[in-house]
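Protein chains: 2
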Amino acid sequence: MNIQNIDLSSYPNSEKFYVDGKLFPIKVAMRKVHQYPTVKIENGKRIEYPNEDIILYDTSGPYTDSNLNVDINKGLPRMRESWVEERKDTMILDDITSEYGRMRRDDKSLDSLRFPICHKPRCAKEGKRVTQMHYARKGIITPEMEYVAIRENLDNEARGIKTYITPEFVRDEVASGRAIIASNINHPEAEPMIIGRAFSVKLNTNIGNSALSSGIEEEIAKAVWSCYWGGDTLMDLSTGDNIHETREWIIRNCPVPVGTVPIYQALEKVNGDVSKLTWDIYRDTLIEQCEQGVDYFTIHAGVLKEHAELVKKRLTGCVSRGGSIMTEWCVIHNQQSFLYEHFDEICEILNKYDVAISLGDGMRPGSINDANDEAQFLELDVLGELTMKAWSHDVQVLIEGPGHVPINKIKANMEKELKVCHEAPFYTLGPITTDIAPAYDHITSAIGAGIIGTLGTAMICYVTPKEHLSLPNLEDVREGVIAYKIAAHAADLAKGFPGAQVRDNALSKARYEFRWKDQFNLSLDPEKAKRFYLESRRDAPDADDRFCTMCGPNFCAMRISQNIVDKCQENA
Amino acid sequence: MNIQNIDLSSYPNSEKFYVDGKLFPIKVAMRKVHQYPTVKIENGKRIEYPNEDIILYDTSGPYTDSNLNVDINKGLPRMRESWVEERKDTMILDDITSEYGRMRRDDKSLDSLRFPICHKPRCAKEGKRVTQMHYARKGIITPEMEYVAIRENLDNEARGIKTYITPEFVRDEVASGRAIIASNINHPEAEPMIIGRAFSVKLNTNIGNSALSSGIEEEIAKAVWSCYWGGDTLMDLSTGDNIHETREWIIRNCPVPVGTVPIYQALEKVNGDVSKLTWDIYRDTLIEQCEQGVDYFTIHAGVLKEHAELVKKRLTGCVSRGGSIMTEWCVIHNQQSFLYEHFDEICEILNKYDVAISLGDGMRPGSINDANDEAQFLELDVLGELTMKAWSHDVQVLIEGPGHVPINKIKANMEKELKVCHEAPFYTLGPITTDIAPAYDHITSAIGAGIIGTLGTAMICYVTPKEHLSLPNLEDVREGVIAYKIAAHAADLAKGFPGAQVRDNALSKARYEFRWKDQFNLSLDPEKAKRFYLESRRDAPDADDRFCTMCGPNFCAMRISQNIVDKCQENA
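Keeping their order, the protein sequence lines are chains A and B. For the first sequence, my numbering gives the first residue as 5, with consecutive numbering after it. For the second sequence, my numbering gives the first residue as 5, with consecutive numbering after it.
Among the hints, erroneous ones may be present.
For identical chains, the list gives no copy identity; a pair is met inside one copy or between any two copies.
To be verified - With a straight-line cut-off of 30 Å between C-alpha atoms, the simulated BS3-like cross-links for lysine-lysine are:
1) Lys20 x Lys420
2) Lys571 x Lys309
3) Lys317 x Lys36
4) Lys44 x Lys415
5) Lys166 x Lys415
6) Lys420 x Lys49
7) Lys521 x Lys49
8) Lys521 x Lys415
9) Lys571 x Lys129
Simulated from the structure, these hints should not be mistaken for lab results. The structure displayed is predicted, hence computed values, not measured ones.
Model the full structure from these sequences, guided by the hints.
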C-alpha cells in the first residue's frame, strides 16, 4: 500500500527538532520556523537585524522529519513501547482476545487488505491497572507526563515566559480527572498529548469511510493529512467495509491518539439491524479495538431508556448516530441501555489497556431550537454519574458536548458541564451557532468553538464545510482543521495560555516589516497564504514588496506608519 | 458598459415580493422561499403536509426581481426621489458644486468611462437640515422609517411573533442617535435600511480598485455581487484611477447605502503626497461625493496630532489607511488634524445631503499585541466628543471599531464604545481574534464579529480570505459575505431578535425530513450547499435520499430518530 499523493512540504524554512527530557530519556518533537532578518537602512547603510526562530507545537509526527523515511507498510516508530515495558505491569498476549479479531485474522481473503506486520497485543497483568490516571493517583510521574509538559511549554523557559506546567502539575491534573493523556499501551506510535482546560486547546478531526465511499489508502491519506495540518487527535468513524483492517492501517501510521465509536462496528457486525445488538457483541468489539490500539472510545452510555420520550419533543430528534442507535435499541427491547448497565465492566476492560472513555452526548441538540433542552441536560447529569464511576476504576474520561447552540446559550453548557461532570475535560462539536449555513459549517461552528474554548473546553471537534451534506475530501479536511486551529488558538490567546502570543507577535512583526515570506511561513497555512498573495502579484514572485495589492503602494498604512515613526524620531 | 458575467440565479424556488406601507405608499422588498410538502406514509397512504413560505430579508435589490430588467447604463429605479421631493426642503442645483466634479465632467477624454445619464444634484434649501435624525427629532416619521420598520419585521406579525419595532420606535432610535438610516438624498436608488443595536445586525462589504488592479466593470460586478449574497451596505474604497467615474457607476446601480473614505480621493488629487493635503481639497471632495450620492463617509477626525507619539509604542503601528495618512499629515506640518479642526463645517455640509459620518478608528489595533491600548482608547474618547458635535448638527453617526482583538478583550471594546460614544451604533471590522491565519481571516474575524454582534455591535465590516494579502476577487467577496452573514445571524439569534429563528427552524425541519432541496434553498448559499451534496451523490442528482454520504444509509441518526418517534407512538 502507498500513501496517497498528498503534499507534505507546506512548511517552508522550518525544521523538526527534538527537546530532551530531564526525568526520562525522551525526545519531544517540535517545529522551529526560521526567520529572515529585518533589514534597515541607517545612515545610508543596509543593516540586518536577525530575527529569532519561532517554536511551534507540531502534530504532524515523523512524516515531516526530513531525517526519517516513513513507510506506511511498516508503520511509525514505536516510541512508547519501551516506556510501557519498563513499567513492568503489562504482558504480551499470545493471541488476540477478540473472537471477531481472530476471525478476521484467519480470513485469507483479507490478506491483500491487511497491514503487513502483526504486533502481538499487550495487556495489563492480572489485577493491574495501567492507566495514566492510575499512575498519577499513585504520585508517579510517567514519561508521557514529562513529554506533554515539555510539549505544552515549547520554548517558554528560554523566553522567560512564566508557566505553571511542570510534570508534577500534569500529574496532578491527570490524577484529579481534569485532564487526560489518551495513550493505549497498544498504540506506542502516538506522541503523548494532553487534553485539559489548563493546557492548550486541542482539536479532534474525524475521518472514516461510510458504506458509500472511501478506501483504505484514502483514509490513511486523510489521517496523515489531518495531523499534518494540526489535528491533535483523530477519530476513525468508519462504518463501511473492512473497518477492522482500515483501523489497523490507521493506528500503525497515526502519530496522534485515535478514537472510535465502537457501537458503529458492533452494528456492522449485525448487518445494521439495531435490534440484534447485544452486550456480548459490543464487549468483543471493545476488546478487539483495545488490542489494536484505539486510545479513546466514544460510548453513549448516558442515553437511557427514559430519554426516548424526550426525542419526540424535539425539532430534529436525536442527531447523534450512537445516541439514536442506543435509544432505538432501548425502545425496541423496552430495556435499559446495555452500555449503562455494563458500565463497570466496560471500565474494567479499558483500564487494562489505558483506553479513555469519551462519554458520548447522544442527546446533543441538532438544531438551534433544541439547544439546552431537557433531553440534553438530563443526559449530561447521567454523564456526571458515569464520570465518577469511570474514575473509580482509574479510567480517564472526556465529556462530549454539543452540537447546535446559539451564542447566548453556550456559557450555560460549559458551566453545567464543569459542575455536574466534576470538571472532567469537555470535548465539544463546535458548537454550531446557526443552522442556516450548510456548506459553511466549519465557520458557523468555529465561532462557537472559539467561544467555548475560551470558557474552558479542552478539546474541540472539527467540522468541515461538508458537514450535513457529505463526507469530507482532503481539501475539506484541511479547511476544517485550519478553521479549528484558529478557534483553538484564539481561545488560547483569550485564556492567556503561556506563550500563546509569541507566534502572533512574530507574524505581526513580519507583516509590519514586509517580510512576506516570514509572514507566510509563520501562518497556519503557508502554502495558501503565499498562493493568495501571488495571485495578484504574478509579476513579483519573490514576494518582498513593501505593500500588497489590497491598498497598493501609495496607501499602505503600515509603510506610512513607519514614516511616522521615523519622522517622530527625527523631530525628537 | 455591461455587467460582468455573474450568476444571479442561486436562490431557487423563491421569489421577490413587496409589502405595502400603511403610512406611506411604499413597497418594501423581501424574498419568499417556497417549500415542498412534508410527505408521510400513514396507513399505507402517501399524505402531503404543506410547508409554509419562509420570508427573508433581501439586500439584492431589483436585480433579483424577475419582473424587472436592470440595465446598468440606466441605473436602478429612483424609488426615493419622490419621497425626498415631497418633503419640500430640498432643491435641485443648476450645476454641481464641486470644482473637481465640474472638471471631470468637462473632460471629454473621460466620456467613454462616464455613466451615461447625468442627474442634477439635490441639496437642502438654505437653512434647512434634511437628515433622518433631524426629522426624527422633530417627531416626524418618514417613509424611510416606515420602510425599515416593515423590513426588519418580515412576517413576524402574521406569525404571531412579538416585535417592538414600529415606525415610532425607529423614529425614536434615530432621534436618540442609537440607530441611523444612511440615505443621501442623492442616492434615491438605495432601499432604506437601519443600523442600530435594537435591529438585526448588518454587514458592510468593501470593494474598490487600487492602483494595481480592477476596472469599472469589475467593480460594478463586485458591488452587485456583494449585495446579492447579503451585503447591507457597501464601501467603495477605490484608490486607483477614475475614482469619480467608477463611483458614479456604482452609486447609480447600488441598491444599498454606499460609503467612502474621502481622504483616499483627496490624496489621489495631490498625487499621493500627504504633505500637500489641504482642508480645501478635502472639502471639495466631500461636496463632490455628497452630490454623487454617497450615503456615509468614514472620517478619521479622531486621530490627533498628540497621538502620533503613541504609534511608536506599537508592534504594528497604525494600520488604518486614513489614520496613517492623517497622522503623517499632522507630523509633517506639526499641526492639528484639519478634520478635527473643521469638524463643525464638515457636519454643516453633510446635513444638507443627509450623509452620515462613520467616525474612523485611525488607531485601531493591527495585531493582537496592540489591542485595547492607549492609542486606541484615547482616540475613542475623541470619537465620543465628535459624536456629540455631529449630533448637534443633526448628522447621523457610526463609530468604527477594531481590528485585531483577542476574544477576552472584545467585551471591553463594546462597553467602552457605548459609554464614551453615547450609544452611537458601533461598526466593527471583525474583530480578528488571532494574527496567525492569513488566507483565513474571514474566519478569524467571523469569530470576533459573532461575539461583538451579540454584545451589541450594530454593523460588522466583512473581511475576505484575501485580507492582508491582496484585493479580493468575486469568489472572495462571496466567501467574505457569507462568513459575515453567519456572524450577523448568529448574533441575531443570540440577541433574541424577533423572528430570527424562523429560518433556522424551517431549515432544520427540512433537514430532519430529508427535504434536501428545501434545506439548500433556505440556506445562505443554496448553490454551494447543493453542489457539495451532489459531489458525492452524482448518481442521485435529484437529491431526495433519506440519508447523506456522511453517515450512509444505515447510520443516519435522523432517520433512526424518526423510527424512535414512530415506535414510541406505537407503544403509547
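Going down the list of hints, with the structure as the test:
Proximity of lysine 20 and lysine 420 under a CA criterion of 30 Å is satisfied in neither setting, with 41 Å inside one chain copy and 44 Å between copies. Taking the closest pair of Cα atoms, lysine 571 and lysine 309 come within 30 Å of each other only across two copies (13 Å); inside a single copy the shortest separation is 74 Å, beyond that limit. Taking the shortest alpha-carbon separations for lysine 317 and lysine 36, only the inter-copy value of 28 Å comes in at or below 30 Å, while the best intra-copy value is 53 Å. Proximity of lysine 44 to lysine 415 under the C-alpha cut-off of 30 Å is found in neither arrangement, the shortest distances being 48 Å within a copy and 38 Å between copies.
For a Cα distance limit of 30 Å, the shortest separation of lysine 166 from lysine 415 qualifies both inside one copy, at 29 Å, and across copies, at 26 Å. Taking the shortest alpha-carbon separations for lysine 420 and lysine 49, neither the intra-copy value of 62 Å nor the inter-copy value of 45 Å comes in at or below 30 Å. Taking the shortest alpha-carbon separations for lysine 521 and lysine 49, only the intra-copy value of 23 Å comes in at or below 30 Å, while the best inter-copy value is 66 Å. Taking identical chains as interchangeable, the C-alpha atoms of lysine 521 and lysine 415 are never at most 30 Å apart, the minima being 39 Å within one chain and 34 Å between chains.
For the homomeric pair lysine 571 and lysine 129, neither the shortest alpha-carbon distance inside one copy (74 Å) nor that between copies (46 Å) is at most 30 Å.
Of the hints listed earlier, those the structure fails to meet are numbers 1, 4, 6, 8 and 9, in rising order.
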